[in-house]
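Asker: Chain B: place on chain A using the hints.
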Amino acid sequence: MTVLEEPVNAVAEHADEAGAPPRVDFDTGPERYRHWRYTVDGETAWVYLDVAEDGGIVPGYELKLNSYDLGVDIELYDLTQRLRFSHPQVRSVVLTSGKDSNFCAGANIRMLAGSSHPWKVNFCKFTNETRNGIEDMTDAGQTWIAALNGTAAGGGYEMALACDQILLVDDRSSAVSLPEVPLLGVLPGTGGLTRVIDKRKVRKDRADVFATKSEGFGGRKAVEWKLVDEAVPRREWERVVAERAAAAAAASTRQADAQGIELPPLRRDETADTLTYDHVRVTIDRDARTATVVVAVPDSLTDDPAALHDQGAAHPLLAITRELDDAILRLRTNELEIGTWLLLTEGPVDAALAADRLIANHQDDWLVAETTRYLKRVFKRLDVTSRSLIALVEPGSCFAGPFLELALACDRQYMLEGTFEEDEDATLPSGAAAEDPATLVVTDAQFGTFPMGNGLTRLGSRFYGDDDALEAVREKQGEQLEGGDADDLGLVTDAPDDIDWTDEIRILLEERASLSPDALTGMEANHRFVGPETMETRIFGRLTAWQNWIFIRPNASGPEGALRKYGTGRKADFDQKRV
Amino acid sequence: MTSARPKIDFDSKIPNNVDLAGDRKLQRALERWQPNFLDWWADMGPAVDTKDVYLRTAVDVGRDGWAHFDHVPMNEYRWGVFLSEHDPDRRIAFGEHKGEPVWQEVPGEYRADLQRLIVIQGDTEPASVEQQRFLGATAPSLYDMRNLFQVNVEEGRHLWAMVYLLHAYFGRAGREEADQLLARNSGSDDSPRILGAFNEETPDWLSFYMFTYFTDRDGKYQLGTLKESGFDPLSRTCEFMLKEEAHHMFVGTTGIDRVVRRTAELMQDHDTEEVAGAGGIPLTMIQKYINFHYTVSLDLFGNESSTNAANYFTAGLKGRWQEERREDDHLLADDAGAVDAFKNGQVTHNEVPALLALNQDLRHEYINDCRTGLKRWNRILAKAGIDAELYLPHVGFNRQVGAFAGASITPAGKVVSESDWNARKDQWLPTEVDKTHVRSLMHPVLEPGKIASWIAPPSTGINDKPVDFEYVHFH
Numbered sequence: 016m017t018v019l020e021e022p023v024n025a026v027a028e029h030a031d032e033a034g035a036p037p038r039v040d041f042d043t044g045p046e047r048y049r050h051w052r053y054t055v056d057g058e059t060a061w062v063y064l065d066v067a068e069d070g071g072i073v074p075g076y077e078l079k080l081n082s083y084d085l086g087v088d089i090e091l092y093d094l095t096q097r098l099r100f101s102h103p104q105v106r107s108v109v110l111t112s113g114k115d116s117n118f119c120a121g122a123n124i125r126m127l128a129g130s131s132h133p134w135k136v137n138f139c140k141f142t143n144e145t146r147n148g149i150e151d152m153t154d155a156g157q158t159w160i161a162a163l164n165g166t167a168a169g170g171g172y173e174m175a176l177a178c179d180q181i182l183l184v185d186d187r188s189s190a191v192s193l194p195e196v197p198l199l200g201v202l203p204g205t206g207g208l209t210r211v212i213d214k215r216k217v218r219k220d221r222a223d224v225f226a227t228k229s230e231g232f233g234g235r236k237a238v239e240w241k242l243v244d245e246a247v248p249r250r251e252w253e254r255v256v257a258e259r260a261a262a263a264a265a266a267s268t269r270q271a272d273a274q275g276i277e278l279p280p281l282r283r284d285e286t287a288d289t290l291t292y293d294h295v296r297v298t299i300d301r302d303a304r305t306a307t308v309v310v311a312v313p314d315s316l317t318d319d320p321a322a323l324h325d326q327g328a329a330h331p332l333l334a335i336t337r338e339l340d341d342a343i344l345r346l347r348t349n350e351l352e353i354g355t356w357l358l359l360t361e362g363p364v365d366a367a368l369a370a371d372r373l374i375a376n377h378q379d380d381w382l383v384a385e386t387t388r389y390l391k392r393v394f395k396r397l398d399v400t401s402r403s404l405i406a407l408v409e410p411g412s413c414f415a416g417p418f419l420e421l422a423l424a425c426d427r428q429y430m431l432e433g434t435f436e437e438d439e440d441a442t443l444p445s446g447a448a449a450e451d452p453a454t455l456v457v458t459d460a461q462f463g464t465f466p467m468g469n470g471l472t473r474l475g476s477r478f479y480g481d482d483d484a485l486e487a488v489r490e491k492q493g494e495q496l497e498g499g500d501a502d503d504l505g506l507v508t509d510a511p512d513d514i515d516w517t518d519e520i521r522i523l524l525e526e527r528a529s530l531s532p533d534a535l536t537g538m539e540a541n542h543r544f545v546g547p548e549t550m551e552t553r554i555f556g557r558l559t560a561w562q563n564w565i566f567i568r569p570n571a572s573g574p575e576g577a578l579r580k581y582g583t584g585r586k587a588d589f590d591q592k593r594v
Numbered sequence: 005m006t007s008a009r010p011k012i013d014f015d016s017k018i019p020n021n022v023d024l025a026g027d028r029k030l031q032r033a034l035e036r037w038q039p040n041f042l043d044w045w046a047d048m049g050p051a052v053d054t055k056d057v058y059l060r061t062a063v064d065v066g067r068d069g070w071a072h073f074d075h076v077p078m079n080e081y082r083w084g085v086f087l088s089e090h091d092p093d094r095r096i097a098f099g100e101h102k103g104e105p106v107w108q109e110v111p112g113e114y115r116a117d118l119q120r121l122i123v124i125q126g127d128t129e130p131a132s133v134e135q136q137r138f139l140g141a142t143a144p145s146l147y148d149m150r151n152l153f154q155v156n157v158e159e160g161r162h163l164w165a166m167v168y169l170l171h172a173y174f175g176r177a178g179r180e181e182a183d184q185l186l187a188r189n190s191g192s193d194d195s196p197r198i199l200g201a202f203n204e205e206t207p208d209w210l211s212f213y214m215f216t217y218f219t220d221r222d223g224k225y226q227l228g229t230l231k232e233s234g235f236d237p238l239s240r241t242c243e244f245m246l247k248e249e250a251h252h253m254f255v256g257t258t259g260i261d262r263v264v265r266r267t268a269e270l271m272q273d274h275d276t277e278e279v280a281g282a283g284g285i286p287l288t289m290i291q292k293y294i295n296f297h298y299t300v301s302l303d304l305f306g307n308e309s310s311t312n313a314a315n316y317f318t319a320g321l322k323g324r325w326q327e328e329r330r331e332d333d334h335l336l337a338d339d340a341g342a343v344d345a346f347k348n349g350q351v352t353h354n355e356v357p358a359l360l361a362l363n364q365d366l367r368h369e370y371i372n373d374c375r376t377g378l379k380r381w382n383r384i385l386a387k388a389g390i391d392a393e394l395y396l397p398h399v400g401f402n403r404q405v406g407a408f409a410g411a412s413i414t415p416a417g418k419v420v421s422e423s424d425w426n427a428r429k430d431q432w433l434p435t436e437v438d439k440t441h442v443r444s445l446m447h448p449v450l451e452p453g454k455i456a457s458w459i460a461p462p463s464t465g466i467n468d469k470p471v472d473f474e475y476v477h478f479h
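Just so you know, the protein sequences line up as chains A and B, in that order.
The first sequence begins at 16 in this note's numbering and counts up one residue at a time.
The second sequence begins at 5 in this note's numbering and counts up one residue at a time.
What the hints contain is simulated information worked out from the structure, not anything from laboratory work.
No experiment lies behind these values; they were computed from the predicted model shown.
Be aware that a few hints might be false.
[To be verified] Label-pair restraints from in silico Cβ distances: (1) B:Ser-421 <-> A:Tyr-479: 56 to 64 Å; (2) A:Tyr-479 <-> B:Pro-39: 35 to 43 Å; (3) B:Val-420 <-> A:His-542: 40 to 48 Å; (4) A:Asp-481 <-> B:Pro-196: 30 to 38 Å; (5) B:Asn-40 <-> A:Glu-490: 31 to 39 Å; (6) B:Val-65 <-> A:Ala-487: 50 to 58 Å; (7) B:Lys-17 <-> A:Ala-487: 24 to 32 Å; (8) A:Ala-560 <-> B:Glu-109: 34 to 42 Å.
Glycine residues also receive a C-beta, built at the ideal position from the N, C-alpha and C atoms.
Extracted from the complex, chain B is given alone in its bound form:
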């Protein structure tokens, strides 16, 4: 094959453990894709002009340290391709292929389904980069700006991971899908991202923390189920992605920690719940943001009763959370399950075959996980002696997808009339006034070690660096 394109020095430009240098197919695909990715990053990636950023770069998958930290110019970040370590004895843990060796190639029978799963997962990764494009300009500290960019480059790397799978295993159709991942854009009228939540803007840092806590956590659970996949390259890819995803959760969890802590301080200092005037975010407003981001994220799990999820499970493509730790037959062919339902104005349950209840199962795991954050934040409030608690709203509140779509249910779980719900929704969800207030607080703080008024400083820095470390250099 003759090519006029400049050859890319793959191993140095693209850290990997997939023998990129020896794989013509991948090289050919990436030669075309990588420049497009860089163009996309320039157009849609972080809009703040920086010299370099203290970033973690994945360079290996071993136990002795998989990441490397250093100041890196953003556009020279080395997005790599990593799969977790290969287990030659791994077998499919569930579904009708249970016990068979995992697949190292895409079984033709499941090509369409696997491709769809990977495309949907892949579509979310660049979407969040797009959603967070302008946030850097209002970072409350260099530490936070660095975390934002860390999340961004790693979401970029997760896109690479999915693109790797499409390029390596799905032939021409896979390459075309990989191109489409860059062609769709968050919030675009013509070609939006596939999932609704990823077309919502992330206009401020409170939203960013909420997003990384709630929405990235959905990602964690989706990756967790794909980690169980019988298609081994997908499984190994997702397993490694989960490592990075943990940091994104951390950004969300500690970000909300710090907002709550600062609010508590202001409440104590000013002896009032109305901390807005003091440059803080009132608890009621934090609760509204929780209500919104939590419920939008619940929608990402799809319908309570899903034949797609059942098919994916039976085929061995997508398992349950912690599939191998579960003590059942991993076939679920004869089991029953209950799913949430909304009938005759009542919140109730439907008995369905267990296979059809897998989305609900995963959502349930997610909800339990979300509760841990609430406990943390309420501990902060309790320690500060504040007699108020943040909570997760009822699962049926503000839902657009599934059994509760369109139902008028309050955060407390009470069914009310639609007009009643609409009349009270400003008490539960962020209003324009709330958003304007939060936005009004968003001023950049670019001096090392300094922090914005509305958020507490972090307790420790990154990679044992101090909090006042110069995480971001500017030109």
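In isolation and in its complexed conformation, chain A is listed as follows:
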């Protein structure tokens, strides 16, 4: 990610290191896009990156040369969601530039240089998630094709790498490049390094040459080195791109007559310490630095796919998924000091199991399938969230089927054994009265519907290397498991009874809040991803960890570092010790 632009003399630090970053809003829609537009032509959607230079999400830089910032990415994410849900008949997506001269210069360097570390990290994480989503779409029959009608540098090329095919105009000047290392002293950290070798299978010595050659490669060499699939002469450009799009569409098995649904803006009440959606409620306790996220599953949720089509975005399953997605993004980006999230559910277990049947029995329905994929990605967002996640399983909750994944995504799970008796102090966070003990229900949803980035299920990750334990749980599929059973099966960390509950949870949370946030982030990220590596875990783990380390090193972000010196006409002054 880089931008080749003229130096700007005054760069405002939009998020100074000590102060609060600006609050980010993820609400948008096609009518509000400033940086993107798209048209749908039959089975193909044409997506144009056309960044408004003065449209930075925060002041202090100009988005020259189609460079991007978080605001540009938020629109791209919204756009992918529209294609999924509102244009389900689309079978190929052409990603190209709305500018004449270049495709995309990557993430804006002024923005990066002026950003706080958390801002950079959050920005990169969100960018990565959107790109994984694009690959997800290709797998689901909406094949993305990058049509690079000009140079794609840094993050611009990384965006192309997320597409299934890369076409580069062969005009003897346009190139693809990853100039981060030579120009900025950082990495192509949103998937670039990883996808070049893992996905495009570029030989490692060539990858080394490519990633240190700031101007990159174009034309035949780019093809020969597998950096792009085709270099297309200008005069044939439009025809070839259209042909590739048509071919990809023809190969898709997507339902041709699917009728899309609208994605209206989410209803959300906000106060300083709460976010209230139709089904999801977030309450922040700033003193305790915790956020309580309650997912309320209404009993109106049925297993009838027709209801999903009729209600569209208002259908509880899709609505919960969207609301949870939005809540995660907001908490993650805007509430950096809220270090622990408590995840709760409420509602009838039967309703959660209806959602389970809807998902399990109707994957041939495009909207059910799309909603499932969406839910899968939201769970993955939790997996890579740098917060302590703790599930509280209390009476009146419905951690069953898909909603059990919420608990399994957490670092720890606490389940009340029995019910709250006599004790006036112990009320449910939901305020609900509950006379039956809490239960949780394992279903097929735990056995492959919602894989993690490591390719394993959350249950498989939990019981990694312990097949007997996994089998024991499988045998209990469909049963309503109470605290003691769940504890015996290893599905929860502990199952205190009502006498212990309040103290155990309070002490646990206070103790957690006293630990180093950095150590917790590192520990949790390591524990969550057990077992095999995938391209996804390598991007979120290895590449991101290295990048984030480099970000805080003086060689990048110090006053003499490359990121700060870029565009000033002066060279970075490196500390030459290799670490």
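Answerer: The following block gives chain B in isolation, referenced to the frame of chain A:
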């Protein structure tokens, strides 16, 4: 919750001022723990079979009298749970939370540290009961036997006090720790008590008096620092325990008084220092016992320079002795202190941040307190016209913990070679011959008002009762 266990009538069985009858959490915890405690008491408590003993039972914390005296069968002793009176305005007196209201719940951030402090304190209480298990069989008088049992039941109550804190404030982990307090046993190979001094046997009554004087005095200082704690229930618990602990000190102080007095009498009567033949304990032998028990107790204060103690102080968990009477900033962040050190064969001092010197500070307070006993005993000797003095050995003598661990320092403070030290250690520490002699004197005297040959009678009885009162009834 259904339970097959018989319900315990808490308020009558367990005197308390913590609303036991209204606290399900405590009830549940104690329902399980109390039978285990009684089993432990039967197995590890006093081994002498008595009908009843004239004991003091804590029944309140008020000024109008907190204790009740009566003859009680030992296994019916009512171990209670008491916290000193609640001061709603109390604030943390030191450390980074100084000035904040004290905590009524365990702050999660300090759960592990507080639990550790309470467990270590709690572990010492039943340990001494175990160490003194067989002493009753050789009591020099009924008065002394009663005092021994009084100390024992109160150490048992102090265990209850710590267990109360674990049960009331530390959830499941606290209950598990409370169970472990009964599972570890003094001197056990598999699961010994946590602190070394509490795995030493108390084989005879001279050792018992020494233990109650020197080792229980360490307990007093530890309790004194925990009394300062920002965790109010711990503070209040320890404050009340100190009341009882005073009696334990008294047993030690007057016990040694009486041994010294008797030795002085025998020296005068027989005009010799060698009173062993006359059924007494020679002064040199008393001095060796002082040397041993004092130095073992010094070890209990830990390393001179301690980051744990510093952390506890900064966090507001454990203060200094008489913290609130001290005139400094109670933060100690920028102050310096000197701690004992042993470098290049020399006894010297190290300059360290004051926060790191807190163990030394407490040990220093303790040493000064120990000196008062020596003055008492030397007054007895002086009055008897005996030209000899008992003394406290040098702080570096016979140490296993801290700066002087392994150093060869004489009781006078002279550094000598290791071989020299070993060659002379029989002059300074009780030998097998000494111990055998003391043990040989240990014969029970069970007739009211009578006393063994090696010790003088007490000057007064307990609770205004005469010395010849029948403090212990037998079956």
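Asker: Assuming the hint says 56 to 64 Å, is it satisfied by the Cβ distance from Ser-421 of chain B to Tyr-479 of chain A or not?
Answerer: holds, 60 Å
Asker: Quick check: does the Cβ-Cβ distance between Val-65 of chain B and Ala-487 of chain A fall within 50 to 58 Å?
Answerer: holds, 53 Å
Asker: Return holds or violated for the Cβ distance of Ala-560 of chain A and Glu-109 of chain B against the range 34 to 42 Å.
Answerer: Check passed, 38 Å falls within 34 to 42 Å.
Asker: Taking 24 to 32 Å as the hint, is the beta-carbon distance of Lys-17 of chain B and Ala-487 of chain A inside that range?
Answerer: violated, 43 Å
Asker: Is it true that Val-420 of chain B and His-542 of chain A lie within 40 to 48 Å of each other by Cβ?
Answerer: violated, 56 Å
Asker: Check the following: the C-beta atoms of Asp-481 of chain A and Pro-196 of chain B are separated by a distance inside 30 to 38 Å.
Answerer: Holds - the Cβ-Cβ distance for Asp-481 of chain A and Pro-196 of chain B, about 35 Å, lies within 30 to 38 Å.
Asker: Take a look at whether the Cβ-Cβ distance between Tyr-479 of chain A and Pro-39 of chain B falls inside 35 to 43 Å.
Answerer: holds, 42 Å
Asker: Should the hint that Asn-40 of chain B and Glu-490 of chain A are 31 to 39 Å apart at their CB atoms be regarded as holding?
Answerer: holds, 37 Å
Hint compliance for this structure: hints 3, 7 are not met, and every other hint is.
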